[in-house]
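Colleague: What follows is each chain in one-letter form.
There are 2 protein chains.
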Amino acid sequence: MTTIDIPAGSLFGLGNLPYGVFSIDGDSPRVGVRVGDSVVDLAAALGDDVFAAPSLNPFMAQGYDRWVAVRERIRELVSGEIPDGAVHPVAQVSLHLPIEVADYVDFYASEHHASNVGRLFRPDAEPLLPNWKHLPVGYHGRSGTVLVSGTDIVRPSGQRKAPADPAPVFGPSTRLDIEAELGFIVGAGTPRNTPISPDAFPRHVFGAVLLNDWSARDIQAWEYVPLGPHLGKSFATSISPWVVPILALEAARIPLPGQTDPEPLPYLRESAPWGLDIDLVVEWNGEEVARPPFREMYWSPAQMLAHLTVNGASSRTGDLYGSGTISGPEKHQRGAFLELSWGGKEPLTVKGEERTFLLDGDEVVITGSAPGADGARIGFGEVRGRVLPAS
Amino acid sequence: MTTIDIPAGSLFGLGNLPYGVFSIDGDSPRVGVRVGDSVVDLAAALGDDVFAAPSLNPFMAQGYDRWVAVRERIRELVSGEIPDGAVHPVAQVSLHLPIEVADYVDFYASEHHASNVGRLFRPDAEPLLPNWKHLPVGYHGRSGTVLVSGTDIVRPSGQRKAPADPAPVFGPSTRLDIEAELGFIVGAGTPRNTPISPDAFPRHVFGAVLLNDWSARDIQAWEYVPLGPHLGKSFATSISPWVVPILALEAARIPLPGQTDPEPLPYLRESAPWGLDIDLVVEWNGEEVARPPFREMYWSPAQMLAHLTVNGASSRTGDLYGSGTISGPEKHQRGAFLELSWGGKEPLTVKGEERTFLLDGDEVVITGSAPGADGARIGFGEVRGRVLPAS
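Chains L and Z, in that order, give the protein sequences. Reading the first sequence from the start, the letters are residues 1 to 391 in this note's numbering. Reading the second sequence from the start, the letters are residues 1 to 391 in this note's numbering.
Since the hints were derived computationally from the structure, they do not count as laboratory data. Predicted model only: the values in this text are computed from it and were never measured. Note that beta-carbon positions come from the ideal geometry of N, C-alpha and C, so glycine has one too. Warning: the hint list may mix true and false statements.
[Claimed, not checked] Below, in silico cross-link-like pairs of lysine-lysine (DSS-like), each with a Cα-Cα straight-line distance of 25 Å or less:
1) Z:K331 x Z:K133
2) L:K161 x Z:K161
3) L:K161 x L:K133
4) L:K345 x L:K331
5) Z:K331 x Z:K161
6) Z:K161 x L:K133
[As the list claims (entries may be wrong)] From the derived model, a few chain Z residues whose C-beta atoms are all more than 12 Å from chain L:
7) D25
8) V105
9) D106
10) P123
11) D124
12) P163
13) V365
14) T367
15) E382
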């Protein structure tokens, strides 16, 4: 038997307990929980085969009451003695995509991001389109290209055409970008025609991850009218391997910063707000370039899910939805290079070099943390990706 | 033992042999093939458990050579004697969603449809946007709300705002519409960074279905800028239960009607065209209101798949992509009520009544057929749906 020593200041203390899928030495992937710098094998420690699955989906499908009970059981377990074979140093495991992704939706819920993009793309008009403050604008993305942190990103090829070009050309994207986001995972879905109110959010959404919505801005700009982004986004979306339970985010809840003019329609109103005080940090080749604040988001993740289901759409275990790029009011708080470099016109300095969009070999790491229940901060780990040349 | 009698003029002769998933008396759903007015239970008839699955996915994942071999084997089998228990009258079986849908993409590949919509939504501008003849415009839809024919459609609720309204209102859609399309199903996918050329289409795409992309035009019009349709489309997409193999469509291949000005970029060029001579018929409450011709489509399904994967996006068994509304040059060939009623301004007469969009209780049936290999026509069956009041 062994006990787990949680280092002082760890972002993975008892107030966090994020779930992931891991393997050792090529064995079958299975569900684990992270405690300090250790991973606890839940199938071995709890003797429950639902955790021997290669994704969190079977456990998530068991529903809210079970999520609460297992979290309590894990808290007891890791405070006592655990069989030796059920505990592994996190440095010795491989981490996998934690969920089998059902539908993937990406929102556009930061007023600062949407306004910046509006100013860049439509300089002579109001930055926000008329619908923006009435509903969380979003679109479906490609579930099959959601990847776990650490997966290399091959530069996508596609069509692009600058306004002055006579015709489109085909080739590798020259404006490859990131979008620093949070992703939310539906654990317990709903059948058709049973909308989920904002207040029911924690009974349906199991947890949150960091998300990088890699974006080829040149492909996107040419293709996106009138049906939205497609190839410019569908090559890769990366998520962090640890799923932070919504149950761990109670201390991070804060009011939303806006929504008084206009007030949202009743189906989008929360009786207690689901703004979240989560700090992200974006590093480009090891240098911090942005610190996007989730607390500045206009729409909450509870409102996003309410909107997503209000038309009668069913939801499923494994549905993933992203917040959209997180940007704050300050320049240093912008979560995409498009905004940080103001469309490429204002390069930033990274490791002494002037940079706008991603070059081959670049690496981006996004981390995140939030206040936890007992005063200690809790961490989201990281979502990391390196750019390989076009194939 | 029994022999199958194929009625003269049947659209389900030996040149068709579409696959579906059926059950009898509440038994487990399994894969069958339709021959005349009979369904052959393939697990029972061929003694192969891949057909005992509740979807076509395991069989489709076996790949092209296997699709060819099984088709040959079935042709032999149904030309001879079959065990009694393996043959059922089609009227006595329940038909299910034939595939487990992975990613769902909907294109916009009819020039007549895109031009009509452009004229309706942007009356003072060129009807086609600049990118339209350079790439097949498309967007991702909601996989989890793809339904089999016969499933009732509850009228969706959502936000809408006409240009003259001071603020958006919430309520049941008042402009519920259909889109008559074909859907194509990827049987054998590809890993990331291995684009599928148009000529490789039949090695990857297993078959085709009829598809009705139910659309709430009022919700769509208010929400869709700048990221495309979302709630206006995500409540339901219906497909026909019989998957017509691409192998059965060889005699339906025809040249595409356009693509000379401009010529497509090389990655979209076909060495032999995949235009398809398929006729659809749309019935509204039992009265024929349109006859959309797939032969008039600008982009082929092979080009759609090539575009979808050219950025390095992976594809999976069960991916479904729709053609977009099929409309021809004549008024009677328009595959959506939006176009048939010219945005609601020119009602059509259905069963003696003036109609524009769908009312509760309305039923829409789309059928389709094509030339088959031996001179006989082959059928797609039908996709049927009835509108229930908002819940």
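Colleague: Please list, smallest to largest, the hint numbers that this structure does not respect.
Modeller: Violated hints: 2, 3, 5, 8, 9, 12; rest satisfied.
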